[in-house]
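K.L.:
Here is how the chains run, residue by residue.
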Amino acid sequence: MDIKAYISSGIIEACLSGIASDEDVRQMESLSEKYPEVKLEIIKVQLLLEKWATANSVPPPPDLKEKIWSKIGQKDNQEQADPLPENSDSTNLKKVDGKEAVSFSRWKYYPAAAAVLLIGISIYFSVTLYQKNIEFQKQLAKLEQQLKANQDSYNSKIALYQQRLSGLVNGNMQGIKLSGTEKHPNMTAIVLWNKKTQEVYLSLKQLPAPPKGMQYQLWSIVDGKPESAGVYESNDTKTALQKMKPVSPNTQMFAVTLEKEGGAESPTLSAMYVAGKI
Amino acid sequence: MPKTDFEYDDDLVEALKAKDRNAYNYLYDNYSAALFGVISRVLGNQTEIAEDILQDVFVKIWHNIETYNSQKGRLYTWMLNIARNAAIDTIRSATFKQSKVNTTIDHINNQNTIHKLSDNIPVEDFGIKQISNLLEDKYRILIDLCYFKGYTQEEVAQKLDIPVGTVKTRLRKALLNLKEILK
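Protein sequences appear in the order of chains U and W.
Using our numbering, you'd call the opening residue of the first sequence number 455 and step up by one each time.
Using our numbering, you'd call the opening residue of the second sequence number 106 and step up by one each time.
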């Protein structure tokens with residue numbers, strides 16, 4: 455197709471001023487998609503006609519704007535607007551017959567109402583599901599956080615135990631057996647002591663769990679003078695091995711007494727359970 | 106044309122589709138005079154009817170802005186087409202013809218028809234006298250017939266007693282002339 459000849463034929467102007475046939479308009483539209491020159495020419499003519507309309511402006515009476523707004527308000531209360539054809543770019547004048555005014559009968563609204571209802575229901579479920587989903591995600595995040603915290607605490611415990619274990623198997627670690635006193639002849643306890651690092655561990659495996667409000671306390675004795683090496687914190691005497699306070703390298707004896715919670719300044723000798731010389 | 110808070114057509118169209126009242130006020134302030142000019146020109150001196158049509162046009166724009174597709178054409182052109190179609194539909198409707206018998210002028214000689222038609226247009230009312238006077242008569246009349254009467258190519262050819270093919274080429278020349286004048 456000779457596009458130059460097409461453009462200079464005036465057919466575009468004819469289409470845009472509304473005198474061309476529908477067929478011509480359709481052809482112009484399809485050509486405008488293929489040929490940018492045609493599209494450009496269409497826009498040029500439209501701009502010219504717009505400019506011309508602007509030049510021919512006639513100001514409407516000042517109260518018209520308000521009338522339009524009130525008309526729009528009224529129409530909004532009614533259900534439907536006159537349908538306008540989709541803008542088909544060009545200007546072909548639709549030969550609209552006034553008699554073909556659209557009359558809506560009531561039944562036409564039922565499918566619409568059903569559709570609206572369905573949409574409503576589907577929106578309701580979507581929203582509910584969405585909210586539930588958010589709730590689940592929050593819970594999941596919480597659990598993950600807890601899990602992570604637990605893991606961290608386990609990891610640090612493991613690290614601590616590994617450190618202790620390496621301390622325990624160290625060649626400088628000395629084991630001291632504490633034997634039961636006269637009142638508790640069958641009881642024993644074990645102290646692990648590293649003189650160099652001053653680390654002291656206490657195991658009370660064979661002692662009964664302390665009564666409420668009481669705690670076992672470890673003492674180191676140097677020249678007959680007791681010094682506290684701290685209280686045994688755990689109620690569980692069976693499995694735990696607790697690290698105690700460092701003691702004097704000159705310690706000659708260890709002893710365990712049962713004291714009030716928090717420990718005592720000096721040992722209650724009548725409540726001594728086990729003791730052992732080094 | 107007054108300057109704009111809507112720098113781009115796209116922003117304006119988006120606001121119009123969102124039923125933003127400011128956008129419609131803007132549209133009215135900027136385009137109502139041009140649309141009213143077109144409607145008045147189609148209707149001749151039927152001012153009251155022209156006012157009704159302009160109202161209908163804006164109501165239509167309000168309710169049908171969803172169907173406007175910027176890919177398919179400019180907003181201004183779209184509105185001009187709505188205004189022109191509404192006005193032409195009105196002069197074609199039966200009630201209007203009854204009140205304006207003179208509009209149909211089938212049995213008069215073509216030249217007379219043209220004069221009649223252009224007589225119906227009170228040019229001085231439109232503030233376009235200067236523009237129209239600058240345009241050669243045969244071009245001015247041709248543009249009026251094509252753009253404001255809703256005729257087909259064949260009808261225009263018949264009115265002017267020229268070959269159908271000539272209508273298009275002359276229309277192109279007319280618009281090229283108009284372009285020079287509007288520069």
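Simulated from the structure, these hints should not be mistaken for laboratory data.
A few of these clues could be false.
Okay, derived cross-link-like pairs now, DSS-like style, lysine-lysine, Cα gap no bigger than 27 angstroms in a straight line [to be verified]:
1. 243/W - 602/U
2. 165/W - 488/U
3. 731/U - 714/U
4. 731/U - 243/W
5. 488/U - 278/W
6. 264/W - 493/U
7. 519/U - 243/W
8. 525/U - 165/W
9. 284/W - 505/U
10. 631/U - 521/U
11. 284/W - 458/U
12. 288/W - 458/U
Computed from a prediction, not measured in an experiment: that's the story for all the values here.
K.L.:
Taking the earlier hints as the rules, which of them does this structure contradict?
P.N.:
1, 2, 4, 6, 7 and 10
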